[in-house]
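Spelled out from the first residue to the last, the chains are:
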Amino acid sequence: MKYDVIVVGGGPGGSIAGKTAAENGLKTIIFERGQNPGEKNASGVGLTPKIWRDFPDIMKEMNLPSQRVNRRCTAHFCDEKGELVSELSWTPSKLNTYKEAREFMTVMVYRHQYDKWLSTFAVDAGAELKTSTLITDVLRDSSGRVTGVVDERGNKYEGIVIAADGAISVVARKAGMRAKFGPYDTTLVVNYDFEAPPEKIDEFIGDNALHAWFSPLYPGVYNFFKKDGFHIGLGQWFGAITRNLRGYLEDCIKSPPVAKMIKQLNAKPREFHAHQLPWLQYPKKTYAHNIMLVGDAAGFPCPLEAEGIWHAMYSGRLAALTAKEAIDNNDVSERQMKKYEESWVNSPLGEEFAAGKEFQEFWAGLPFNTEKVGELGDIVNNSLNLFTGATSHLEMSQLFLKSLREKGPSIMPLFRKYLFPYVFRILEEELNDLAPFNDMFEKMRPKKKIRRRN
Amino acid sequence: MLVPLENIIHKLEGDQGDFIKPIRENCVACKRCITVCPVNLWYLDDGKANIKDDYKKLCLECGACWQSCEYNAIDFTYPKGGTGVIFKRG
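Those protein sequences? They're chains A and B, same order as listed. For the first sequence, this note's numbering gives the first residue as 1, with consecutive numbering after it. For the second sequence, this note's numbering gives the first residue as 1, with consecutive numbering after it.
I should point out that these hints are in silico values taken from the structure, not numbers from a laboratory. Built from N, CA and C at the ideal position, the CB exists for glycine as well. It is possible that part of the hints are untrue.
Here are the simulated DSBU-like pairs of lysine-lysine, each with C-alpha atoms no more than 30 angstroms apart in a straight line [claimed, not checked]: (1) A/Lys284 <-> B/Lys31; (2) A/Lys407 <-> A/Lys81; (3) A/Lys130 <-> B/Lys57; (4) B/Lys21 <-> A/Lys130; (5) A/Lys156 <-> B/Lys31; (6) A/Lys254 <-> B/Lys21; (7) B/Lys57 <-> A/Lys174; (8) A/Lys174 <-> B/Lys11.
Cβ pair distances, simulated, as ranges [claimed, not checked]: (9) A/Arg53 <-> B/Asn72: 40 to 50 angstroms; (10) A/Leu404 <-> B/Val28: 22 to 32 angstroms; (11) B/Asn72 <-> A/Gly154: 25 to 35 angstroms.
Which chain B residues face chain A? A few, computed with CB under 8 angstroms, are given here [claimed, not checked]: (12) Leu2; (13) Pro4; (14) Leu5; (15) Ile9; (16) Lys11; (17) Leu12; (18) Gln16; (19) Asn26; (20) Ala29; (21) Val36; (22) Lys48; (23) Ser68; (24) Ile86; (25) Lys88; (26) Gly90.
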């Protein structure tokens, strides 16, 4: 069967690719291995404001039963026994340049609702959606170039291939674009879904719906609240896994502050998930003759901000637009497909990877490093200790400086190795703008030493 | 384990096919698959990694075993379309 565009995978990347292609008059088919889009997909699922910025016509219509708008993020730092030490909490900043980003941080939903809903936009635009169908191979011409795909029943489909089939992309493997991701290219994520009465979540959580837990007991844990339940999960790069991740996650769930929260919400485990989530320093090649990789298949996600869905949708649209150009030019060569990569590199998606290496190394080296994360929690707590009535402010300041001096030799090399390269890479020339502050501090410094009682 | 995993892992009806196959001759018994599998489906069988006979009941199709194997000793694909795990609240 002949199509202009064959999309493999009915997740957010596949649906937007299919919608865009169909809207541009291309004969389009989307393959989904589940009975419905979204039923094979799991993640923390926080939809970021960028999706509203870049897909306003779609998102203004979203009204799903599981959705919960999140206006606050809270990080909990716990000690080696899992006991709560300190917390940081923040809301959307007024610095943000568009309305949605000033109004909320994420909207939490379940994938079986979100992905299925998104797929209706592709179908309404005229794309054909073929569910319960696994694509098992690519189709090649006599010179070995990819011309389409083959399904599990041996049916052949010819057309430009957009692979939106996730981290383990069968299409990318069969097309010879990669054997598999490297040990520090992709993470394994394990996740429990808990059910809880919506009124309990409204009462105790409300719109403070994005929580993160850090402790030497477990790598960083995310905890996202939906309407009638929540996800609690964690991920780790394959290369860094030394212990079964479910064991870590259950230690977190049983730790005193999390167990207390679960009890308070009257929450019960409802489902267990595991999936791979790529987190690369920089994506590898995302195109070849007649084929483009989008979303997780391309390795785009940044799991830290619960993000992968925007990346998939954004790249899906760019791939479909490249396909349109290829059809118009009657050219599906590698050179033509390269325009897809050029378009995402020069878009907000490419900007995400401006400091991809430094960002990834920072998170792997500190917050997700169970041996070091306790010291971060101590620093946060010790700095906040300045604002308690334990003793004089002078003594508390001295105690804090003393602790910094003591911790310095162990924590500073970590900051130098992991934090500073990220900050410098992100800011680069902008750092010069901070130079005037040096003069300002110098002028602010009291000329006379303040007299202190012994 | 918080609750028995079979209570909170749901499967679609239908024959899933054989989608994970250990390749015994390549296995060096490094036990990575045993460490990473979130639902503990792997074990050592006469010095080689093997997957439980009833793995299709709990397998989450995450591909962690395949991804972590550095010796090409695990063959992984997906179950037949419309079968296998279903995440009702993924």
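Which of the numbered hints above does this structure break? 5, 6, 10, 13, 16, 18, 19, 20, 22
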